[in-house]
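Peer 1: If you read the sequences in order, they're chains X and E.
Sequential numbering from 77 applies to the first sequence in the numbering used here.
Sequential numbering from 16 applies to the second sequence in the numbering used here.
You can trust all of the hints, since none of them are fake.
Chain X regions said to be covered by chain E (calculated; three or more residues, Cβ under 8 Å):
id : stretch
1  : 209 to 215
2  : 218 to 226
3  : 277 to 286
4  : 320 to 328
Calculated lysine-lysine pairs in the DSSO-like style (CA-CA distance at most 30 Å, straight line):
id : chain 1 : residue 1 : chain 2 : residue 2
5  : E       : LYS424    : X       : LYS234
6  : X       : LYS232    : E       : LYS424
7  : X       : LYS213    : E       : LYS97
8  : E       : LYS478    : X       : LYS213
9  : E       : LYS50     : E       : LYS207
10 : X       : LYS213    : E       : LYS424
Calculated directly from the structure, the hints in this document are not laboratory data.
Positions of the beta carbon are idealized from the N, C-alpha and C atoms, including for glycine.
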Amino acid sequence: MQSNTKNSIKDKVAIISMGCIPFGEHWDKSQDDMLIEATQLAFDQAGLTKHDIDAYWVGTATGGNGGYVLSAPLKLHGKPVTRVENFCATGSEALRNASYSVASGAYDIAMAVGVEKVKDSGYQGLVGGATWHDGTKRNLTAAAMYSLVLPAYAEKYKVDPDELRFAVAKVAEKNHRNGAVNPLAQFRRETSAEQICNMPAVAGKLSVFDCAGVADGSAAAIVVRAEDAHRYCENPLYIKALSFVSGTGAGLIDPAYDYTTFPECEMAGAEAYRQAGVTEPRSEIALAEVHDCFTPTEMVLMEDLGFCERGTAWKEILAGTFDHNGELPVNTDGGLKAFGHPVGASGLRMHYECWLQLRGQAGERQIDLQGRKLGMVHNLGGYPGEMVSFVSVLGNDVG
Amino acid sequence: MKRMKTGILSYGGYVPYRRLRRADIAEVMGSGGGKGERSVASFDEDTTTMGAEAARTAKRDAPLAAVDSVWFSTTSPAYLEKTNAGAIHAVLRLAQESSAADFGGAARSGIAALRAATQAAEGGHSTMVVASDIRGGLVTSRDESDGGDGAAAILVGAETADAPVLATCIAQASATEEFTDRWRMPGATATKQWEERFAESVYVPLFEKAWAQAVEQVAAEVNSKIDTAVVTGTHSRSVRRVASGLASGLASGQAIGRVATDLSDSVGNTGVAHSLLLLTNELEQAEPDQIIAVVSLIDGVDILVFRTTEAIASHTSSRPLSAQIGACGKLNYGKFLHWRGQIQIQPPNRMEPERPSMSAAARSSDWKFGFVGSQGQESSTVHLPPARVSIRNEDDAMDPIAMAEVPAKVVTYTVDRLVYSVSPPVVFAIVDFEGGGRLPVELTDVDPDEVEVGMPVEMTFRKLYSSDGIQNYFWKARPVRAGK
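The shape of chain X in the complex, shown without the other chains (with noise of 0.2 Å):
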């Protein structure tokens, strides 16, 4: 399939190298332990020391202003570093920046790390940092606005509200299921969709086992030109597409919007698709990593990423379909459900997964990739009716 290379990403990028941390409840590792001992892994990795990277992007939501975030514990000498933040996206916009920075030809090997230090608030869940405002923003937390496509979805499509909870509770048993058996999971044992739908509900008619696991960590990689990537590496990851939509939050005010749908992550999708040349994806993607921050948003986000029609995923769901053998592999690793949450550093973590699986080196969870050589990774940050979404399409292949 020939792309449209218009503004297009395509083969002008490659990932050559990558390192995820263990993701968990880090009571003994600082944010600085854990900036050290991924971007490590990505350089032992390549045989890279700190010294070989021209520019860094580091991505934290809440870890501090500033390059200093990353140059000071790494003690990088003289080397320019950016921080970026974009919610739950920030670390898929510190690899996008770090892609674009080699795609230019203003650095040769760039790299991107993302990481979050979320058990040190002393509080459960996520705890955003605090900006000036007039005191009428509404009090809600994230999984409370998630809970709210339920109802809604249920509505719209006359699923009956059990079974459309069943459904969305067998997608964390699956990602339960996969995190079992990835090593780096913060969950790492299964769990029924029985047991999700009998425990309490705390938003909605969501319980915690709904809700992403709330996790320290941290992930890498580094990126050069494509032309240059067997310098680097014998199998590099080739960057086919990278997309990126922030809302107009017209969601909150707009009457028009109905809760059972991402236009933000749609629009990121096709764009993504449109870059790397897919027109089909539910059978041209050998997996999808993508943001499962709460039950009811992958439901969602398998139709806005076109990988089933419109009110039809909660049943492709309970038939299997994105379940490691089935016919579209989605959230190999646990996702944020089991592996958790980071904020900084999901965004490459979910590429870490692809790096695995599209390179055969996932392990005792290796899915059959059928002769496909795509993976995608979807990441978005905010709630329904304001959000950033991410996509990106990655391939073993130039061309």
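Using the hints provided, position chain E relative to the given structure of chain X.
Peer 2: Then chain E, alone, in the frame of chain X:
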């Protein structure tokens, strides 16, 4: 020069949604309590928000009447130092030329403000008199049980073509003496009282003196007897004695028509607000040419006598007290104690909110207090909060649009048991307004299991939280229950 016709132009009462059954107090504590129910301000209400709700009703029902001042009286102010009437001024979206002032501290300040406003009306000045109180005391005390929470607003001014006088003031009398019956130190939660037989010996003679003056003035104005007497005050023994005296004719030589209900069974004594609340209750039911005396026994005696006009026949309240008293929800005693800060509960393990920025709040005052959005001139798309750039292309020229009185419906909803709240869980909904506009908003005065998609809701002015001593006011939505 023809004398201006002045008097009451509008009124509004506010009784919060929740009720505490007095018998519940004794069931928990083994003592205290009594018969009937008392009203309880929600955890997200204070005297300012209740006053604002009462004033909204008075303003809504006389939309074209001028309001030159807002005067606010309470014994339980949300702020000291800072003027509480300012928030009500902003909620009513009054012009900058109109002033706002507090009559603070003492329980007598409510009836005193009404008297002062009546006198100011003679000079052509119209005043929204707002009295609001949250009443309580030590656990098992009579104040805890007999008290009630509520507010009343009475707009007093000169008649115009757009705003007829509903009742004129035909007599005013007052009697004062220095004595101490009830007192409370700043910051204390409970009021103390002297041996109660003492104050009766002061109140009754003061009443007799003031009543004689009032009756004389009434006789000079009209040739008919007083139909109704509203009798209230903070010394219940004297109030009972004066009321029974008026009913039997012992006080005046001539029995009055009736003594008005004091709402003690359903609301309780709302302190500084109670004389205005009871007057509001009478005005809602009054027919033309009725004479209503308001007798207040608080650190002295104040009497105001009103005569209703023909105009009252065509004036109806948009939120009558009778409906608010009828449409109520139960509150258990444990929650009552929690809401009053008398017991602490385990909060969700979440960060407490930071104080809002007061400069940012001032910039968005019309949104935060007035609930005013913006509307595109081309597409009519409503933006909440107001936006400079439209969600519809090429429609950035926008006008302000007041949304506080616009009905809305629940589109979808959730119950958040994780988020910080003074009183978890948070019940939250996406609501769409009639004619356009959407807001994700917290619901209040609601039980989690009664919310439904399509449920009609209306906006109510509340306190979202307090932080660093700042009362963070904004709007919530509540189920439509007590409207007309």
